[in-house]
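S.K.: This is what each chain is made of:
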Amino acid sequence: MKYTAIINDKVYGVEVGANNTVVINGQVHKVDFRSIDGNAQYSLLLDNTSWEALVDRNGDEYRILIGGELNIVVVQDERTRKMAKAEGAHAVMIGEAIIKAPMPGLVRGVVSVGEQVVAKQGVVILEAMKMENELRTPRAGIVKEVRVKAGDSVEQGQVLVVIK
Amino acid sequence: MFKKVLIANRGEIAVRVLRACRELGLQTVAVFSEVDRNALHVRYADEAYCIGPAPARDSYLRIDRIIDVAMRARAEAIHPGYGFLAENDEFARACAEAGLIFIGPPPQVMQKMGDKIEARRTVSRQGVPVVPGTYEPLRDEEMLAAAKQVGFPLFVKAAAGGGGKGMRRVETIEDLPSAIARARSEAESAFGDGTLYLERIVKPARHIEFQILADARGNVIHLGERECSIQRRHQKMVEEAPSVALDDKLREKMGKAAVAAAKAAGYVNAGTIEFLLDKERNFYFLEMNTRLQVEHPVTELVTGIDIVKEQLRIASGRPLSYQQQDVQQRGWAIECRITAEDPYNGFLPSTGKIISLHEPTGPGVRLESALFEGFEVSLYYDPLIAKLCVWGPDRAAAIMRMKRALSEYKILGIATSIPFHQRLFQSTSFIGGVFDTTFLDERFTLEPGGSEEVEKVAAIIAALLTHDRRQHALSIPPPTRSTRGGWKRFGAWEGLR
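Going down the list, the protein sequences come from chains E and W. Quick note on this note's numbering: the first sequence kicks off at 1 and runs consecutively. Quick note on this note's numbering: the second sequence kicks off at 1001 and runs consecutively.
Simulated from the structure, these hints should not be mistaken for lab results. Among the clues, some could well be false.
To be verified - If you only want the chain E side, here are some residues facing chain W, beta carbon under 8 Å, derived:
#1 Tyr-3
#2 Val-16
#3 Val-22
#4 Gln-41
#5 Tyr-42
#6 Arg-57
#7 Ile-64
#8 Gly-67
#9 Glu-115
#10 Ala-119
All residues carry an ideal CB built from backbone N, CA and C; glycine is no exception.
Could you build the full structure based on these sequences and the hints that come with them?
M.R.: Next comes the structure, spelled out in structure tokens:
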């Protein structure tokens, strides 16, 4: 089965074959791949070279930590690759950016509706773990909705601000 | 010596103090909040008492409840660890009033040095160089006037501050009013005191601190320096002893100044004098920490002196076990502060249950940790969860050993700072010892990605996992979706090969 692994705009074609082999960049490798703890810890012997990885998956996106290096990998097979192409890769740029609370905490400050923001600008200050944490918008736009005010306690995942 | 000690703290430092007490044959009493019932310090202590709900102000900061437990348990002394009440002179006074020995400096000394403005005055009177700035509590408009004298860029700092809280860097006079307002509000909420002072930014500079031991008979010695320049937004991330920036001559000079500063304060017990060292090797007193430091193990590793045991001996009225000439630094030690923060997500705090834990061991490795599988890292307390320390005969060996230990360290269930430390120990500037306090914030970035070889391996792993999911999807219902922020359980059903 052929897969496309995309890391940082770089595309790797990986073919998973029979008899514990993979083909990448036209080269055949022998693989012995095991889950260590039934959770996130994996061991890979790639042609007898030993690798350890911590893996977190969200849908088709894998966050793979190897020796402190984080690789964010999106995997597509032929079908999902075509679907993604049809949807267009620019959806993220023209859609809304929704700023959610990454953890429970206390809102210390927030932008106002109608405010113009630039990419990576702080839009919410969330106090948690004794520290004030600045939540930033991934993209520029106008603040469309502000669903919290300073002093509010918020739950993890709660929508705080919508940028359009 | 007293026979029973209460440890008014939690986490890895409570465990560290418990261990010292155990090794001295002392009985131990732990206190804990409702969420810490299963914590290691509760289980390691001889006795443990619940002192209230999770928020620190309802438990670990409740002086009345802690004193009450000490009386009930018939403890004779209290060790505050660091953080919480460690630099609270009111607590030290309450201990004295209850007839308990506070394992730390006398309350009036703590108060004097805890007020950073007063501390600056006290040591400068003894001829110890101090960072240029203000020496009086000032109102906002007075600060604006004084700022022009101090010069920009400068720091606005909280007189009661520490750990980077209530502190703002200011580039121009226009930014000063808002910085003062933010620093004041942060200082008021963190310390209950909004008094601020200004300090010129000495830059580039290294943060070098000296460990002090002082007994009640007036003997004061230093245990050499610690290099603490590796800071992220004024939070120390890595510390080492000794420092590449010092030679024997400078070490002796700074050590003498540190001892003079401690003597000026009338200091007793373990404390730390923090200095800034500029490029021309001028040093300036920054502040004194009137407690045990997080990074005390690196000093212990190179001197062989157990600082916590010395604290206990000093508090019981004994003289120092060492004289200055007994103190020798041997080899090199490094500490990494392992925090529950996601370095690939702006160091946002990470919470959750530890689902799997593998700790490094082997030659020259010392781990101070309070983690175990099943432990819940909560939002209530400091994100520091462990300290990984190594010793080597020289700096290069210590660095290689730390890299080895970090690669063995596996904490699953929360994001940790371990990947940050691994990347830092690959940095040529760090390895070369070429850094100052601005290094992390200005010249070190942590972005996803890395070497081509690792990238290829990641691609293979992702493809293998996807392949396996596709194969199993035909017969087994899909697992619950994993969410970002933790290493979620999903491998179990995959049963790879």
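S.K.: For each hint given before, does the structure comply? Return the numbers of the non-compliant ones in rising order.
M.R.: The structure conflicts with hints 9, 10, although it agrees with all the remaining ones.
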